[in-house]
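4 protein chains.
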Amino acid sequence: MTAPVQAAVKTAVERTELQEFERPGFGADAGLLRVEACGVGGSDPESYRRGTRIPAIMGHEVVGAVEEIGPAAAARWGVQPGDRIAVEEYLPCWHCRWCLQGDFRLCVECDFFTVHATDPLRYGTSTCTIPPHLWGGYAQMLYLAPNAVVHKVPAGMSAELATLAIPFGNGFQWAVYDGGTQAGSTVLVIGPGQQGLGCVFAAKIAGATTVIVAGHTRDRARLDVALRIGADVAVDSETEDLRERVMHATGGAGVDVVVDTTGDRTGTVAADALAVAAKGAYLNLNGLEQQVPLGEIKRKYLTVRAPRGHSYRSIETALRSLAASPLPVAEICSHTYGLGDVHAAIHATAGIDIPDAIHVTVDPWKD
Amino acid sequence: MTAPVQAAVKTAVERTELQEFERPGFGADAGLLRVEACGVGGSDPESYRRGTRIPAIMGHEVVGAVEEIGPAAAARWGVQPGDRIAVEEYLPCWHCRWCLQGDFRLCVECDFFTVHATDPLRYGTSTCTIPPHLWGGYAQMLYLAPNAVVHKVPAGMSAELATLAIPFGNGFQWAVYDGGTQAGSTVLVIGPGQQGLGCVFAAKIAGATTVIVAGHTRDRARLDVALRIGADVAVDSETEDLRERVMHATGGAGVDVVVDTTGDRTGTVAADALAVAAKGAYLNLNGLEQQVPLGEIKRKYLTVRAPRGHSYRSIETALRSLAASPLPVAEICSHTYGLGDVHAAIHATAGIDIPDAIHVTVDPWKD
Amino acid sequence: MTAPVQAAVKTAVERTELQEFERPGFGADAGLLRVEACGVGGSDPESYRRGTRIPAIMGHEVVGAVEEIGPAAAARWGVQPGDRIAVEEYLPCWHCRWCLQGDFRLCVECDFFTVHATDPLRYGTSTCTIPPHLWGGYAQMLYLAPNAVVHKVPAGMSAELATLAIPFGNGFQWAVYDGGTQAGSTVLVIGPGQQGLGCVFAAKIAGATTVIVAGHTRDRARLDVALRIGADVAVDSETEDLRERVMHATGGAGVDVVVDTTGDRTGTVAADALAVAAKGAYLNLNGLEQQVPLGEIKRKYLTVRAPRGHSYRSIETALRSLAASPLPVAEICSHTYGLGDVHAAIHATAGIDIPDAIHVTVDPWKD
Amino acid sequence: MTAPVQAAVKTAVERTELQEFERPGFGADAGLLRVEACGVGGSDPESYRRGTRIPAIMGHEVVGAVEEIGPAAAARWGVQPGDRIAVEEYLPCWHCRWCLQGDFRLCVECDFFTVHATDPLRYGTSTCTIPPHLWGGYAQMLYLAPNAVVHKVPAGMSAELATLAIPFGNGFQWAVYDGGTQAGSTVLVIGPGQQGLGCVFAAKIAGATTVIVAGHTRDRARLDVALRIGADVAVDSETEDLRERVMHATGGAGVDVVVDTTGDRTGTVAADALAVAAKGAYLNLNGLEQQVPLGEIKRKYLTVRAPRGHSYRSIETALRSLAASPLPVAEICSHTYGLGDVHAAIHATAGIDIPDAIHVTVDPWKD
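Residue numbers (this note's numbering), protein chains in the order written: chain R, 1 to 367; chain X, 1 to 367; chain U, 1 to 367; chain V, 1 to 367.
Okay, chain R solo, but in the shape it has when bound (with noise of 0.2 Å):
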């Protein structure tokens, strides 16, 4: 019982290595979670690029089973020692104003955005020289701090599907609470990553009547499962006309959301967002270095927003959209790797030596 855990600690840009943490003690209002699966974000390849927050376990997409539970954390959170569950990579302060009123994810003290909260903590980026150490989702076991957010994991669903309840969270939030989607819309998404693909779901759960989703060459085997998962139409945008295709494929229309998940430095997405949108549309577009033209904004009567996280409700509508959908949703977690392969499976999340990764997870109990 008090095996030591096993955990993939960065310990430099682009290096980790296996290290023995010893299982935590923890209070009333506490726990530790046996780690099932834990999805490696669209973010990690950056992340593990920086040379930042150095030594960490990484890794905030994080499901597993309740291991051992304070009494009071099992009252608040409703659940028992074997209790799937799945983690909010937030840890957040629960009295600033946005927590007092549900938006935790603008939270003071765990917004990366916020100039006091540079270095918040957070499952999957804080350093693990903090104790008690296990504050991410590469390891056996996770902390659960009192401060978690946590979701039941909807009865018989793959530990590996429910890694996705972070992006397709995302997804939800940013196409529909943010974007406005609803029944008959008409959506495109760019970029087909998890985020992308989360987004391609909501929208065509929220009743979209076109999807369209975009990617470069290389999203091949990612465009195609979108279309498998409530994409019409998916769109290389290397080798075809973007706007063309946007406009045919809505009769002339253009848009009423579009949902940018690329992060472009060029600009390219911003204009390309602007020219195919239809008047009124709401844009949620990303990008930290694009500008927004306002004449735009005001010929077409334009709402303009940008992507920050996911609400509660957001990964609870994934997880139980997820559960109940009969489409093929599973194809989208295509490789699984063991704890001594995190660099490996953080490159193929990239694309690197392994093409036509979708969603990877880790298994940290896996041979």
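It should be emphasised that the hints constitute simulated quantities derived from the structure, not laboratory data.
Where hints are given, some of them may not hold.
Which copy is meant is left open, because identical chains are indistinguishable; a pair holds if it fits in one copy or across any two.
Said to hold, decoys possible - Pairs of lysine-lysine, BS3-like flavour, derived with a Cα cap of 30 Å:
#, residue 1, residue 2
1, K152, K300
2, K300, K279
3, K279, K298
Use these hints to put chains X, U and V onto chain R, whose structure you have.
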């Protein structure tokens, strides 16, 4: 070109005769529709038994091709002769505060419940003594009045399917826009008639994860179709315990949305709705004689409304969603009759002689 | 520093005694409030007559200065000793789906109507046998529990005025957020008690052009204050015809919003509300025994809800709006009592002996 | 009865002549308005300098009494000769998807930005060569076209004040309905012209606790009026540091809503708006040439839109709120000119010769 127009005229209670009308002339802002199909509405059997508004050409779910059109009307509606359209039953005033804000279903001149509008001009309702006489869909031609509301039929859609524009538009209005169904919702639809089937379809399209439909034993065929177009669970409330089935299907949580399409007079429906509603649920209840206990509204923090027709957007969404859906929606259109059999068509909708009728249409050009 | 804490303890039905409590210690995530004023709630007279939850320190509209605070609580709430705060009565679990979405008033652990929460821990309600005992505002000190919800008092606001945070927060919640009042609305508030005055003020602040308040003959002083803080018309419904007055004041149109704060058991209030509601109106009705006729809901396309406490945002808005308003809101605080006179203070709120009491507060440090 | 109609006709750039028009006949669905006052719009000076749409009767903020009316129009609008109405400038098609959903300001035929509507028929804009010629408010009579949108003037309101229906309707649309101002909001309005004053008033009516207005040194008179009709703080952005003033007035939090009414071309306004926006703020920005940095939208979770005219509801709310307000709104109407002085009236609005003009009106019957 000046052949007379054949029409089925209700000349007395439960009595219909074929009559001929002169093909009418019309102004620059009006037109003439060649009716391809007219759905028999769920309220038609009751209207047919009523002794008011006689003589009348009934039929208010009208789909056809533009036969002739004045230049002003062609410009306003953006249609040419030959274009296929679905026509709403409303003939709004376009100048009251409801019309000016897009809520023309509540128009003071065409809302049945408005004091000074007890006998509004509406398609399928008004007597044919009012020139130019062709105010109903059970005829070869329909007069397109200047204040009519028309929708283009999606390319390739059959006229029979397009007659679902109104009942399925009601479905979107009642279950989604008024009732609040969204991705992840659990929904109970009471009554599997056309409107109920519309609510089932709309709820599923809008992302409901669990849709339950309830009906009587005689509704077997309709309940079966409901299961094919969006319902997850169908309950025969005469032989099964509705409350138990709902609580079981929702894991004990109850439903987020209830839509009643029955106009029940016994109070059973409202009582069931309140019993199975989750905390914070929306109830869209029918039945003019029912009483809703405020204590339950408060205890469960419910919102209670009642269904009242459809909006422009709901009809557009219904048509687009029917066109885009992979579900076997064509199965809903179970029976088609010719003009000489309107009496039988209305009876079939009431289940008389034809126990398995689901949605019945009249084709005025059928031999 | 370790002087005992004086408190007024309800020891039996309609009976209060002064008692001393030891000043409690507390953890890093909790604190102690020096109570400056506690408002007597509109429900206090009824609670005072009830034989449950005895012994208890009543008082749930608590305002004070932070006396001592643990470091974790200071960080979470952003407060230091000496800071003045208003404390909500709720002690939410912070982990149920309501808490996680910002709707902690519906928390499964602190909502009176939740089956397993018939005796939730709440300020002003719980018995003082539960350590650390200081759960009510009629005392010199209040225990600041880790799950408490606190709001900073605007600079310069008197403690008496700040005790309106809760009843006026209810006003914003019931008339504006739940009831839909907006710029240009016409509003009827039934009952001129604290909550009713809160609704009047909130409706006017939110831009209502006509605010009508109705009360009994004995409510004269409250109706007069209502006219000074936002009401345009005050109706004595015992001597005047309420329906006639409302229709006259709205030019025959009826009101867009009705909020009932009375808990009426006769059905009169619901009947009046339905009679004077405009088409499309929102009704926020009270009275657990009333029945609402669905026919009227349908005919007028009404939305019916019932008031259920306040949100974080409603309290913040109430405090900010009270601080910014040029209206003579200080007049609402009509009477202040010392700790030894809590019995009289509760009676005054019920109109016993003091017919012109409006809002009564207890100052636990008053001689 | 058949006296000719006097009108001020723009015959060339910056040139106006008095001309006489024959009093037109009209159909059953139209009418004739006796103009009592016409406001000089904020865009009139610019239009007056433009060489297009000549000759034209300018003036689009029209208020008057119904002079003659066809029976169909009388029924639709619910008006009789002598009734006083304010007329919107739009002449919508009533059949496009925007019109059918209540958003006629975006009508494909009367929206300046729609490709095929570069020269739409609108009051105050169209040339008077189009019969029946009387398309502008700087005349004794205005033709009431069948598709006009009219609002009843509240009893007792002066014609001058009622000409604020449009700029103050814009205020409600831009600051409240599009911008999201609500009770407790903090708001910055940039530009104290008519529309800016409308935004200030609307924001205060909707419950904003802090309203800041910014202008140039030459706007002193307008800033002073702003302080009397709703602004809490007025900033001369030429002599004061706007950002510092806003942060100070909001306790360092920044504002929840920014509305720009200036059409600034330098980028200063957008930069200021982004700098002082609170997290989660709404920005309603103008200035067709400006660029908005997406990085700031994302970092602060902003929503960016641009102002685009008014809705039916915004005009109704403006008229009702002006009628009900105790604020000295009549002070806004600073100057009135006769028909012979339209040239001077337009110049006054631009600040030429009359530096302290606020809102200028033309009374076509003034000697």
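Comparing the hints with the structure gives:
1. K152 - K300: between (42 Å within a copy, 24 Å between copies)
2. K300 - K279: both (5 Å within a copy, 25 Å between copies)
3. K279 - K298: Classified as both: same-chain Cα gap 10 Å, cross-chain 23 Å, threshold 30 Å.
In terms of the numbered hints stated before, the structure departs from none.
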